[in-house]
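S.K.: Chain residues, written in single-letter form:
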Amino acid sequence: MKKFTVVAAMATALLGSTAIHAAELEVTHWWTSAGEAAAVAEFARVYEEQTGNTWVDSALSGSGTGANPVIISRIIGGDPMGATQMNTGRDAEELIQAGLMRDLTPIVEELGAQDFYVDPSLLEPCTYDGKIYCLPVNIHSWDWLWLSTAAYEEIGQPVPTTWDEYVASWPALEEAGILPFGLASGWPIAGIPGAMQAAIGGSDLVLAINRDKDAEAVRGEDFRRYAEAWDAVRQVVSSEMMLPNFADVGNQLLEGEAAGNIHGDWLQGDLQIAGGVPGEDYECLPALGMGDQISGGGDSFYFPVLPEGTDQEVLDAQADLARTLISQEAQLAFNLKKGSMPIRTDIDLSQANACMQKALELLDNGLLPSGDFALSSDTQQQLQDLNIEFLNDDSITVDTYIDRYASIIESAD
Amino acid sequence: MADLAVQQARKGRAAGGVSRFLHNTFVRNLSAKIAAAPMIATVLVVFIGCTIWTVWYSFTNSRLLPTGDFVGFQQYERLFATARWNVSVWNLVIYGAFSLVFTMVFGFLLAVLMDQKIRFENVFRTIMLYPFALSFIVTGLVWQWIMNPTLGLQGTMRNLGWTGFSFDWLNNPRMVLFALLIAGLWQGVGFVMVLMLAGLRGIDGEIWKAARVDGIPTWRTYLSIVLPMMRGVFVTAVVLVGSGIVRLYDLVVALTDGGPGIASEVPAKYVYNYMFGAGNIAQGLAASTMMLLTVVIIIIPWAYLEFGGRGRRS
Numbered sequence: 001m002k003k004f005t006v007v008a009a010m011a012t013a014l015l016g017s018t019a020i021h022a023a024e025l026e027v028t029h030w031w032t033s034a035g036e037a038a039a040v041a042e043f044a045r046v047y048e049e050q051t052g053n054t055w056v057d058s059a060l061s062g063s064g065t066g067a068n069p070v071i072i073s074r075i076i077g078g079d080p081m082g083a084t085q086m087n088t089g090r091d092a093e094e095l096i097q098a099g100l101m102r103d104l105t106p107i108v109e110e111l112g113a114q115d116f117y118v119d120p121s122l123l124e125p126c127t128y129d130g131k132i133y134c135l136p137v138n139i140h141s142w143d144w145l146w147l148s149t150a151a152y153e154e155i156g157q158p159v160p161t162t163w164d165e166y167v168a169s170w171p172a173l174e175e176a177g178i179l180p181f182g183l184a185s186g187w188p189i190a191g192i193p194g195a196m197q198a199a200i201g202g203s204d205l206v207l208a209i210n211r212d213k214d215a216e217a218v219r220g221e222d223f224r225r226y227a228e229a230w231d232a233v234r235q236v237v238s239s240e241m242m243l244p245n246f247a248d249v250g251n252q253l254l255e256g257e258a259a260g261n262i263h264g265d266w267l268q269g270d271l272q273i274a275g276g277v278p279g280e281d282y283e284c285l286p287a288l289g290m291g292d293q294i295s296g297g298g299d300s301f302y303f304p305v306l307p308e309g310t311d312q313e314v315l316d317a318q319a320d321l322a323r324t325l326i327s328q329e330a331q332l333a334f335n336l337k338k339g340s341m342p343i344r345t346d347i348d349l350s351q352a353n354a355c356m357q358k359a360l361e362l363l364d365n366g367l368l369p370s371g372d373f374a375l376s377s378d379t380q381q382q383l384q385d386l387n388i389e390f391l392n393d394d395s396i397t398v399d400t401y402i403d404r405y406a407s408i409i410e411s412a413d
Numbered sequence: 001m002a003d004l005a006v007q008q009a010r011k012g013r014a015a016g017g018v019s020r021f022l023h024n025t026f027v028r029n030l031s032a033k034i035a036a037a038p039m040i041a042t043v044l045v046v047f048i049g050c051t052i053w054t055v056w057y058s059f060t061n062s063r064l065l066p067t068g069d070f071v072g073f074q075q076y077e078r079l080f081a082t083a084r085w086n087v088s089v090w091n092l093v094i095y096g097a098f099s100l101v102f103t104m105v106f107g108f109l110l111a112v113l114m115d116q117k118i119r120f121e122n123v124f125r126t127i128m129l130y131p132f133a134l135s136f137i138v139t140g141l142v143w144q145w146i147m148n149p150t151l152g153l154q155g156t157m158r159n160l161g162w163t164g165f166s167f168d169w170l171n172n173p174r175m176v177l178f179a180l181l182i183a184g185l186w187q188g189v190g191f192v193m194v195l196m197l198a199g200l201r202g203i204d205g206e207i208w209k210a211a212r213v214d215g216i217p218t219w220r221t222y223l224s225i226v227l228p229m230m231r232g233v234f235v236t237a238v239v240l241v242g243s244g245i246v247r248l249y250d251l252v253v254a255l256t257d258g259g260p261g262i263a264s265e266v267p268a269k270y271v272y273n274y275m276f277g278a279g280n281i282a283q284g285l286a287a288s289t290m291m292l293l294t295v296v297i298i299i300i301p302w303a304y305l306e307f308g309g310r311g312r313r314s
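In the order they appear, the protein sequences are chains Z and Y.
Under our numbering, the very last position in the first sequence is 413; numbers go up by exactly one each time.
Under our numbering, the very last position in the second sequence is 314; numbers go up by exactly one each time.
Treat the hints as calculated values from the structure; they're not laboratory data.
Warning: the hint list may mix true and false statements.
Stretches of chain Y that chain Z covers, calculated by requiring three or more beta carbons in the stretch to come under 8 Å of a beta carbon on chain Z [claimed, not checked]:
(1) 52-66
(2) 209-220
(3) 252-263
(4) 277-284
It should be emphasised that the depicted structure is a prediction, and the values quoted were computed from it without experimental measurement.
Glycine is no exception: its CB is placed at the ideal position from the N, C-alpha and C atoms.
The task is simple: from the sequences and hints, build the whole structure.
M.R.: In structure tokens form, the structure reads like this:
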């Protein structure tokens, strides 16, 4: 209770009041790394140019774990922002149930957005009782293996094209004093198991676990193959080499200090800002070079219901922002900077770099729903705790890991 | 005012049992009661009310919003089946025991040294107290640099040529608690020292003279005479240090973030993560109720000894 008040008070104190002046809209998000910040600035630019409204930027640090609580407590505490980024998924479900989110159905229907979204499954998690409450703005995907060209030049081997080749190169890398797997501590660890499950265990496994909550699938053969691969990763990482920030791992890759890393597509924004060129300085393998689908999900914008008595101009500005975010121009500008895929493909993507092109091909196979879609954040937190514990504690065997994973899935709701 | 109170008291006495009770409760010393009202309201609403609210909702299945149904001890069953929680509790017990003992011992020893009529006492006192002026977040960050294996002490020693030097406690699951302890002691000892010093200064000089006349060695005087006389200061220090231990959170977040793995997790961090990050209020409240219970179990016997029974006050 006390913490809650403190967080709420801090949020209020730090961020000031919501936009009450006409056509100033406060937008909260946690896109704070260099690449992400450059991308979100494109949204603000397009919005201000097209509508004449002012984008009041309230970036929050700490990503999903740090910023999300602040955003949620502000909305619950009656101090909503004009619009906010959140991860698509069940986080917002209760906020919608409580009537705290604006119904975007009229806007979506007016634009015909259901038709231009590249995969209808994207809007599904935004839909509640037949109404649409959020707009996904990109397809953000964890399933990327990033590889360092410099590291493989050093050991005189070609850059791997699949996960298996990558694993096979680890002994040579270690001999040359290169980290086989670069890793940042904290939340960046959380996305790796999901990406490996999809690539190594297969799409069916992911659907069985995340969507159907099938604990038997966890005890099955496919999951064991994944668990053993995860076990192999744990043998080559140690807590001494973990860096505090995922962007630092990007630098390790560019400098050839680390050979590879599984991280979401937003790492690419940082690689580009640091001067990396795909195909020359780094290579990317969507779905780890194994699967034929990538998981999609991630970033959506929600528009909280503003308190009564808010100026009509601000309400209109909210609607304007909703229209702008999924417009062709904003989609193109944003996603080129961020390195993620746009939610609509009826735009000219010839400027997209080699990595994005690879991902766009995989888009034709449909998207795999990510864990965020199907699992509550409570379950995700439990799985994250388990994965972090497993990664650092060699006394937990693969069998124990599978058992504990299964029991979390059994109790998932 | 006093006249009025006396008159009213007289009237009250005449009116008999119930009305006298009402009168005594609400009217007598009215100004004092009005003055105390905000405090009483705060205690009732904020402390007691919120505590009851916390305990009540820990028995529900509330998720992001406190709206759930009553589910009995389900949250507690899950809590104690969770490895991370059990590790957190043990960490707190170990950290707490070491921290309490070392803070007290070092605090007292430093105060005794400071009490030897040394030169520049003010300077030393200030230096020792300075860390206490820093928040735990700053303390954590400072020590994170010092104990970072490549950049900190270990790296420096190795660069100076002592290649075998090893100080990697932050990355060693078995030692990471002691890394926390070092940072915690660095921050907290100075404060306890100042408290103890005040206690030592409060001892009557005559006692020292008497002890010297009797030929009692100095260390013995400290241990057998001065120490028992400082009971009040000790109790204060233990309560302050103890409450600091139970709410240990910011130091962990800044120094280790619970790592490596879950080796330095603490209960308060579990509460925060599940209540806000994972949007599971009931689980977080169940955990905080357990923290409260721990404090109550420690405090009640102490309060009984201290204030109950013989009514002895120190």
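S.K.: Are the hints correct? Go through all of them and say.
M.R.: Against the structure, the hints come out as follows:
{"no.": "1", "hint": "52-66", "in the structure": "holds (count 5)"}
{"no.": "2", "hint": "209-220", "in the structure": "violated (count 0)"}
{"no.": "3", "hint": "252-263", "in the structure": "holds (count 6)"}
{"no.": "4", "hint": "277-284", "in the structure": "holds (count 5)"}
Comparing the model with each numbered hint stated earlier shows that hint 2 is the single one that does not hold.
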